[in-house]
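So you can see what is in the structure, the chains are spelled out below.
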Amino acid sequence: MNLAGLSLEHTPPIGTPLKFFLVAPVFGVLAGILLVGYPELLTNRWLPATFAFTHLLTLGVGAMVMLGALFQVLPVVSNQAVPRDQVIAPWVHRGIFWGTLTLTAGFLTSWSWLIGIAALLLASGFGLFVSGLGTGLIRARPAGDSTVTLRLAAVSLVATLVLGGMQLSLHLWPEAGLYQPHQTQLHAFVGGFGWVLLLVMGVSFQVIPMFHVAPAFPRWVRRPLPLVVFAANAAVLLAGYPVATYALPLTMVATILYATEALKVLMARKRKLVDYTVRFWQLGLSQLVAAALLALGLTFTEGDTWRAPVELLLGLVFGLGFVLSVMLGMLQKIVPFLIYLNLQRMTLTNPEAVMVKLPHMKALISTERSRWQYRLQLVLLLCIYLAPWAPGIGIVAGLLLVAAFGWLGYCLWGAWHQYQKVESEIQALSSG
Amino acid sequence: MPDSETNGLDIIAIDVSELEPPEPMERILARLQQLKPGQLIRVRHRREPFPIYPMLEQAGYKHCCIPSGTEAFLIYIWPHSAPVDEAFCRTDATKEAG
Numbered sequence: 001m002n003l004a005g006l007s008l009e010h011t012p013p014i015g016t017p018l019k020f021f022l023v024a025p026v027f028g029v030l031a032g033i034l035l036v037g038y039p040e041l042l043t044n045r046w047l048p049a050t051f052a053f054t055h056l057l058t059l060g061v062g063a064m065v066m067l068g069a070l071f072q073v074l075p076v077v078s079n080q081a082v083p084r085d086q087v088i089a090p091w092v093h094r095g096i097f098w099g100t101l102t103l104t105a106g107f108l109t110s111w112s113w114l115i116g117i118a119a120l121l122l123a124s125g126f127g128l129f130v131s132g133l134g135t136g137l138i139r140a141r142p143a144g145d146s147t148v149t150l151r152l153a154a155v156s157l158v159a160t161l162v163l164g165g166m167q168l169s170l171h172l173w174p175e176a177g178l179y180q181p182h183q184t185q186l187h188a189f190v191g192g193f194g195w196v197l198l199l200v201m202g203v204s205f206q207v208i209p210m211f212h213v214a215p216a217f218p219r220w221v222r223r224p225l226p227l228v229v230f231a232a233n234a235a236v237l238l239a240g241y242p243v244a245t246y247a248l249p250l251t252m253v254a255t256i257l258y259a260t261e262a263l264k265v266l267m268a269r270k271r272k273l274v275d276y277t278v279r280f281w282q283l284g285l286s287q288l289v290a291a292a293l294l295a296l297g298l299t300f301t302e303g304d305t306w307r308a309p310v311e312l313l314l315g316l317v318f319g320l321g322f323v324l325s326v327m328l329g330m331l332q333k334i335v336p337f338l339i340y341l342n343l344q345r346m347t348l349t350n351p352e353a354v355m356v357k358l359p360h361m362k363a364l365i366s367t368e369r370s371r372w373q374y375r376l377q378l379v380l381l382l383c384i385y386l387a388p389w390a391p392g393i394g395i396v397a398g399l400l401l402v403a404a405f406g407w408l409g410y411c412l413w414g415a416w417h418q419y420q421k422v423e424s425e426i427q428a429l430s431s432g
Numbered sequence: 001m002p003d004s005e006t007n008g009l010d011i012i013a014i015d016v017s018e019l020e021p022p023e024p025m026e027r028i029l030a031r032l033q034q035l036k037p038g039q040l041i042r043v044r045h046r047r048e049p050f051p052i053y054p055m056l057e058q059a060g061y062k063h064c065c066i067p068s069g070t071e072a073f074l075i076y077i078w079p080h081s082a083p084v085d086e087a088f089c090r091t092d093a094t095k096e097a098g
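Which chain is which? The protein sequence lines are E and Y, in order.
Quick note: the first sequence uses the numbering used here, first residue 1, plus one each step.
Quick note: the second sequence uses the numbering used here, first residue 1, plus one each step.
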């Protein structure tokens, strides 16, 4: 790995990613409240409430954190910032924020005009982001392994959005004939095993060795595996049956290989201190293996009665087990790191501020707080995995979701509050 | 290293290659605060510490980074007034590698 390619010189102001991170827990809490109100939504993936729940988590939590992180991560992995990031970031944020809320309301009420407004807001938010990210990724030179993988992720994001838009056209313009029932499956597949998986892969190639003093990923993982995942996904998407029958298992095998190699890299880290980011990575990667095995099982078996709950379980294992675990782990590390870095810079550029005592990174989100986040995540997963078979558990799972995201919000806002306090101390000293 | 080869400068070596962020930055900045006239710092790191470069410049220090094998870098940091240049750093890095 070319560690020399890591650059933090062109990173945006701390407010840019934090604005996205701080609002994500709100959507998680809303998803939990929705689950408490509609506990049966985890027993049938085609219910309007299930769509609302899924998009609160995938857009409100997932996209919010991932897009915010990408404004920060792109300059780090490719030495190329998202062009005009400070101009477009607030508009991307507004588009995703209001778009997710109106889409949720649209699904729950089945009011087409709400879904129309949501489509417009989401299209403008994501459109702006993709154009900025795409330009940055095209300009990035030299293109390292992470940059190439992020390019593949960005193309997958566009495919996910196009498929999602086609499915929404059922509510807005049914005569266009763009809606096809099987495209919902493809939308979820390319969003998960394309956009999200490739994004996590590309970022992990850099951040796991950097933050955890671990060895670099093997070369065969960094270059061919993302290409295999992308090519197999493209075959599933474009060639259809029967090619998809062979391509989909290829995606899953590549996924399992990536996850096991990432776990090995984490095992080989030099400092074996208690670190909840590492535990979240380990949890998330193990759930990724489970999700790929479930997908393989569903591909090679037939049956109707048990299939629907297992498909729901696959979504939960991938979305909450893998993606949420990795995001929670990264937030425990990245938010304190960015805050610390910014405060350190401030004290060095303001000689008067040398008297200000900076909070230690571990004081911004303490190990104890991260431990509770991890425990909540474990209990949530144990509970929510049973929900497709036992609707009664849905209420408990919903309450646990509220607790987990409430705790995340408490930790993130607490760290942000500490930042603002020290920042105002520094400013007071430098202006006085 | 004899004075004739170091322009009379004293090289303070620190190794941060096995520390997690932000410890390398903390160690480097703490060591800089103790730097005496006639001294410079040579940092051994597993990556190039880009975040501290702008900080160093603003605080009145110059730097030079020399790759030293796979995932290894030697970063030299000295006050603006010190008689150090890239050639000096390269010579010292070659000796270190040898």
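Warning: the hint list may mix true and false statements.
Far from chain E, by Cβ distances over 10 Å, these chain Y residues were calculated [claimed, not checked]: (1) Glu18; (2) Leu19; (3) Pro22; (4) Pro54; (5) Cys89; (6) Ala97.
As a list, the in silico DSBU-like pairs of lysine-lysine whose alpha-carbon atoms are at most 30 Å apart [what the hints assert, rightly or not]: (7) Y/Lys36 / Y/Lys95; (8) E/Lys270 / Y/Lys36; (9) E/Lys272 / E/Lys357; (10) E/Lys357 / Y/Lys95; (11) E/Lys19 / E/Lys421; (12) E/Lys270 / E/Lys421; (13) E/Lys19 / E/Lys357; (14) Y/Lys36 / E/Lys264; (15) Y/Lys62 / Y/Lys36.
For the record, the hints were derived by calculation from the structure and aren't laboratory data.
The beta-carbon is built from N, C-alpha and C at its ideal position, and this holds for glycine as well.
Taking the hints in turn, this is what the structure says about them:
no. : hint                : result
1   : Glu18               : 5 Å, violated
2   : Leu19               : 7 Å, violated
3   : Pro22               : 5 Å, violated
4   : Pro54               : 6 Å, violated
5   : Cys89               : 16 Å, holds
6   : Ala97               : 17 Å, holds
7   : Y/Lys36 / Y/Lys95   : 24 Å, holds
8   : E/Lys270 / Y/Lys36  : 33 Å, violated
9   : E/Lys272 / E/Lys357 : 28 Å, holds
10  : E/Lys357 / Y/Lys95  : 39 Å, violated
11  : E/Lys19 / E/Lys421  : 17 Å, holds
12  : E/Lys270 / E/Lys421 : 35 Å, violated
13  : E/Lys19 / E/Lys357  : 25 Å, holds
14  : Y/Lys36 / E/Lys264  : 44 Å, violated
15  : Y/Lys62 / Y/Lys36   : 15 Å, holds
In this structure, the earlier hints numbered 1, 2, 3, 4, 8, 10, 12, 14 are contradicted, and the remaining ones agree with it.
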